[in-house]
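Asker: Here's the letter readout for the chains.
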Amino acid sequence: MTATLISKVPAGDLRDKWDNYKADAKLVNPNNKRKFKVIVVGTGLAGASAAATLAELGYQVDAFTFHDSPRRAHSIAAQGGINAAKNYQGDGDSINRLFIDTIKGGDFRSRESNVHRLAQVSVDIIDQMVAQGVPFAREYGGMLDNRSFGGAQVSRTFYARGQTGQQLLLGAYQQLSRQIGLGGVRLFNRTELVDVVVIDGRCSGIVVRDLLTGEITSHAAHAVVMATGGYGNVFFLSTNAMNCNVTAAWRAHRRGAMFANPCFTQIHPTCIPQSDESQSKLTLMSESLRNDGRVWVPKNPDDSRPAEQIPESERDYYLERLYPSYGNLAPRDISSRAAKRLVDKGHGVGPLKNGVNLDFSAAIARLGRKTVEERYGNLFQMYERIAGEDPYSTPMRIYPATHYTMGGLWVDYELGTTLPGLYAAGEANFSDHGANRLGASALMQGLADGYFVLPYTISNYLAPLLNKPVPSTDHPAFAQVENEARERFKTYLAVQGTRSPDWFHRELGKIIWDYCGMERTQQGLEKALSELPALYGEFKKDLRVTGTGESVNQTLEKAGRVDDFFQLGMLMCRDALDRQESCGAHFRSEYQTEDGEAMRDDKNFCHVSAYNWTGDPMAAELNKEPLVYETAHLATRSYK
Amino acid sequence: MRQLTDLTLKVWRQSGAESPGYFETHKVETVSDEASFLEMLDQLNERLISEGKEAIVFDHDCREGICGTCSLMINGRAHGPQRATTTCQLHMRTFNSGDEIVIEPWRAAAFPIIKDLMVDRSSFDRIVEAGGFITAPTGGAPDANLILVPKPVADAAMDSAACIGCGACVAACPNGAANLFTGAKISHLNVLPQGQSERYKRAEAMVMAMDDQFGSCTNHGECSAACPKEISLDVIATMNSDFRKSKSKNRKALSRN
Numbered sequence: 269m270t271a272t273l274i275s276k277v278p279a280g281d282l283r284d285k286w287d288n289y290k291a292d293a294k295l296v297n298p299n300n301k302r303k304f305k306v307i308v309v310g311t312g313l314a315g316a317s318a319a320a321t322l323a324e325l326g327y328q329v330d331a332f333t334f335h336d337s338p339r340r341a342h343s344i345a346a347q348g349g350i351n352a353a354k355n356y357q358g359d360g361d362s363i364n365r366l367f368i369d370t371i372k373g374g375d376f377r378s379r380e381s382n383v384h385r386l387a388q389v390s391v392d393i394i395d396q397m398v399a400q401g402v403p404f405a406r407e408y409g410g411m412l413d414n415r416s417f418g419g420a421q422v423s424r425t426f427y428a429r430g431q432t433g434q435q436l437l438l439g440a441y442q443q444l445s446r447q448i449g450l451g452g453v454r455l456f457n458r459t460e461l462v463d464v465v466v467i468d469g470r471c472s473g474i475v476v477r478d479l480l481t482g483e484i485t486s487h488a489a490h491a492v493v494m495a496t497g498g499y500g501n502v503f504f505l506s507t508n509a510m511n512c513n514v515t516a517a518w519r520a521h522r523r524g525a526m527f528a529n530p531c532f533t534q535i536h537p538t539c540i541p542q543s544d545e546s547q548s549k550l551t552l553m554s555e556s557l558r559n560d561g562r563v564w565v566p567k568n569p570d571d572s573r574p575a576e577q578i579p580e581s582e583r584d585y586y587l588e589r590l591y592p593s594y595g596n597l598a599p600r601d602i603s604s605r606a607a608k609r610l611v612d613k614g615h616g617v618g619p620l621k622n623g624v625n626l627d628f629s630a631a632i633a634r635l636g637r638k639t640v641e642e643r644y645g646n647l648f649q650m651y652e653r654i655a656g657e658d659p660y661s662t663p664m665r666i667y668p669a670t671h672y673t674m675g676g677l678w679v680d681y682e683l684g685t686t687l688p689g690l691y692a693a694g695e696a697n698f699s700d701h702g703a704n705r706l707g708a709s710a711l712m713q714g715l716a717d718g719y720f721v722l723p724y725t726i727s728n729y730l731a732p733l734l735n736k737p738v739p740s741t742d743h744p745a746f747a748q749v750e751n752e753a754r755e756r757f758k759t760y761l762a763v764q765g766t767r768s769p770d771w772f773h774r775e776l777g778k779i780i781w782d783y784c785g786m787e788r789t790q791q792g793l794e795k796a797l798s799e800l801p802a803l804y805g806e807f808k809k810d811l812r813v814t815g816t817g818e819s820v821n822q823t824l825e826k827a828g829r830v831d832d833f834f835q836l837g838m839l840m841c842r843d844a845l846d847r848q849e850s851c852g853a854h855f856r857s858e859y860q861t862e863d864g865e866a867m868r869d870d871k872n873f874c875h876v877s878a879y880n881w882t883g884d885p886m887a888a889e890l891n892k893e894p895l896v897y898e899t900a901h902l903a904t905r906s907y908k
Numbered sequence: 080m081r082q083l084t085d086l087t088l089k090v091w092r093q094s095g096a097e098s099p100g101y102f103e104t105h106k107v108e109t110v111s112d113e114a115s116f117l118e119m120l121d122q123l124n125e126r127l128i129s130e131g132k133e134a135i136v137f138d139h140d141c142r143e144g145i146c147g148t149c150s151l152m153i154n155g156r157a158h159g160p161q162r163a164t165t166t167c168q169l170h171m172r173t174f175n176s177g178d179e180i181v182i183e184p185w186r187a188a189a190f191p192i193i194k195d196l197m198v199d200r201s202s203f204d205r206i207v208e209a210g211g212f213i214t215a216p217t218g219g220a221p222d223a224n225l226i227l228v229p230k231p232v233a234d235a236a237m238d239s240a241a242c243i244g245c246g247a248c249v250a251a252c253p254n255g256a257a258n259l260f261t262g263a264k265i266s267h268l269n270v271l272p273q274g275q276s277e278r279y280k281r282a283e284a285m286v287m288a289m290d291d292q293f294g295s296c297t298n299h300g301e302c303s304a305a306c307p308k309e310i311s312l313d314v315i316a317t318m319n320s321d322f323r324k325s326k327s328k329n330r331k332a333l334s335r336n
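Protein chains in written order, with my numbering: chain A, 269 to 908; chain B, 80 to 336.
Calculated directly from the structure, the hints in this document are not laboratory data. For glycine and all other residues, C-beta sits at the position ideal for the given N, C-alpha and C. Be aware that a few hints might be false.
Stated by the list, open to error - Now the in silico label distances, taken between C-beta atoms and shown as ranges:
#1 K132(B) x L902(A): 31 to 37 Å
#2 D234(B) x E652(A): 46 to 52 Å
#3 D863(A) x D313(B): 39 to 45 Å
#4 E889(A) x G177(B): 44 to 50 Å
#5 S276(B) x Y585(A): 21 to 27 Å
#6 Q790(A) x A163(B): 23 to 29 Å
#7 S276(B) x G410(A): 17 to 23 Å
#8 G155(B) x A802(A): 58 to 64 Å
#9 N364(A) x P231(B): 35 to 41 Å
#10 A279(A) x S276(B): 41 to 47 Å
Unchecked claim - Anything over 12 Å on all C-beta distances counts as not near chain B; from chain A, calculated:
#11 A575
#12 E642
#13 R812
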């Protein structure tokens, strides 16, 4: 039987919903806040900002990270910037425009009310981060500078060189550190979530593994926040950090939280192409580079001259040709597919002919090398380190790679999952980006959730629980989950097969990339769904984990993560097969227009697909949350 | 693409904080010069696992030089031979066939070894917790453009804020001092208008937390030379200046209470 998804969207005009919600939400008296305990898992932008703010309010907070320090979370790697509807440039921006851009960028597959709230609080984020000392780029007069980003025709992106994610995360980390110093937050570092505990239908705590000793312990709380990031590493090769994984979200899913839109995974158009088989990850080059870089391929596929010797007339600036009004700033999904088509047709550049040119010679001629260096210096340096070529004198070579996952734990307007007491924030929830996220919106969403949404919605949940004690970890439910976790890690060690977890991860990634990557077909997805269970069977029989479970063992950690990636991979392919339309980053080859654009099916697929765990990811139960557009008008996206 | 052949690795192995450590020698027959240094170690680990041996433990994450998780002394140099480059961004094209490469963990008393090449750098977090922040609780911030920050000031703050907290400065320092790390955070916050209210309190608290855990600076400059983000020694001067002033300014502030 399918459940009804209650999105808890407040009444009223779209513009008033968040105010109405805040006016009606139940509050906890300042003196009572210390009676409540909240666990926050993950210390990236969403987790660190939530933990710090909840502690400032007076709640007892326990924060968990598998890193050695909260500052390592992968939010740190975001380069280009953060959007906010400040309209500081006076170029026609507004909350409404940011809302519409985000809905449209997401190809009409996100919830209007959540997206509008995101646009509303975006302005508060910039104020907050500036007050904390984030060194955003400035004009000479001292005011904040902006740049433009894909999918928008206004300049609303705030940035700190090419290290915006780093600076924002350090801001949130410093605020969290202050609370740790004051005793408001207890930090558990090098500690990984392995399961979620449910008592009487409420999420009552978590079971974690100490990565240094292998010890499994229980932690109870009135509410738990998952701010554990996305699952892009299911592809093996992605721009995610090596340790990013789906385990926390997946374990929550297995305990009753629905997983939404798993097939909505974003391919970022500007990454450094793979150079050989042994490569462990792909590196992103910020989308902001497309502000000044021009994307092109040689018109003649057999052109073997160095890029700078190919005359203008023999270059195809295909984004400018196909999408004249947005040009090189066309949204990510559209730019990615355009690159793939040309490379597939043989126009690729580089030794493996697996990239397209991103050329700065025009910008350098127009602005001078110094200005270009100021804007993108660290990105150019990073490129030079990795590719061994100087982008000031020869174009960068770029190609799309997996970057961000729009899918995640289903949440209602309060960011609550379908498991009461469990919240999901940042990339871990399915959230606000629909079928495709716009550049510079991930940082915005992570901080919006952590700073300005969860602190209000969690109090609404906690208030009625006043004077109910924190659940005891002596409850048999904790003991049972702990035992299951211990058994799980013992099992990985006991298989004693012949292949490492990395080997399986790489093979899994190949299947997902080939059949559930940039272009998907019914046939391919069916093939993936037949190959995945077989490979998963091999994993269980032939895995080899050396070492023991009693001290640091990165091979064992990896085994647990790959196990969960397998199950998620099956659900992803199932979801992609089920969604018989093309929308945003989900491109089914069967559903495209004559000129190769995505063909949405609003009649049959204008909904969120949320899956319930049944014990078998291949047979997950599908629930649908219909999407209703009252303010934005369903329209075919056009960036021409 | 070129293949490097016949590399000899001498890798530090140590099963735990209290156990004796030793160098273990591994041959790498062949590796692509496009591979990163850590990918070379990944491949070695794959081989070790297939031989039934325990993989070498090392810290790493983003592999794009920004998270500060990776470390390693490579041939005695923090993050290896290439200037302004983290270990994860170091590529094998920097090496030659037949090279012998010695790989050790960060060497510093304040960074105890956890296992093999992994060390505990939480002493850095203690310094930040002591005062490496601007007190700005969520919700009360004024409009961002009300605080004007001249471009050169914002640029100077950003130069210091670029620190990734990897610990190379401490590992490279003959005294195991953390002055570059602490100075970078103090310089980031203390030059900004938003950071003025707590300027001297911050300097004093952070320096005290640093001195509790790390060695003393004797101006060798090895820290800045090893820093993958090329943080300038100037940050130490700023820190020292503010710390010295804090001794009188903080007392005055106390007397007003």
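Asker: Now tell me if each hint is right for this structure.
Answerer: Hint check results:
Judged by the Cβ atoms, the range 31 to 37 Å given for K132(B) and L902(A) is violated: they are separated by roughly 59 Å. Evaluation of the 46 to 52 Å hint for D234(B) and E652(A) yields a failure: the beta carbon distance comes to about 22 Å. Remark: the range hint 39 to 45 Å for D863(A) to D313(B) is contradicted by a beta-carbon distance near 56 Å. Under the hint 44 to 50 Å, the C-beta atoms of E889(A) and G177(B), about 60 Å apart, miss the expected range.
At about 51 Å, the beta-carbon gap between S276(B) and Y585(A) misses the expected band of 21 to 27 Å. Separated by about 50 Å at the C-beta atoms, Q790(A) and A163(B) break the suggested range of 23 to 29 Å. Taking 17 to 23 Å as the suggested C-beta distance range, the pair S276(B) and G410(A) conforms, at roughly 19 Å. A hinted range of 58 to 64 Å is violated for the C-beta pair G155(B) and A802(A), which are about 48 Å apart.
Between N364(A) and P231(B), the C-beta spacing of about 36 Å keeps the proposed range 35 to 41 Å intact. A hinted range of 41 to 47 Å for the beta carbons of A279(A) and S276(B) is consistent with their spacing of about 43 Å. A cut-off of 12 Å between C-beta atoms confirms that A575(A) is not in contact with chain B; the least separation is 19 Å. The claim that E642(A) is not at the interface with chain B is violated, since a C-beta of that chain comes within 12 Å of its own (minimum 9 Å).
Listed as a non-interface residue, R812(A) fails to keep its Cβ farther than 12 Å from every Cβ of chain B; the least gap is roughly 6 Å.
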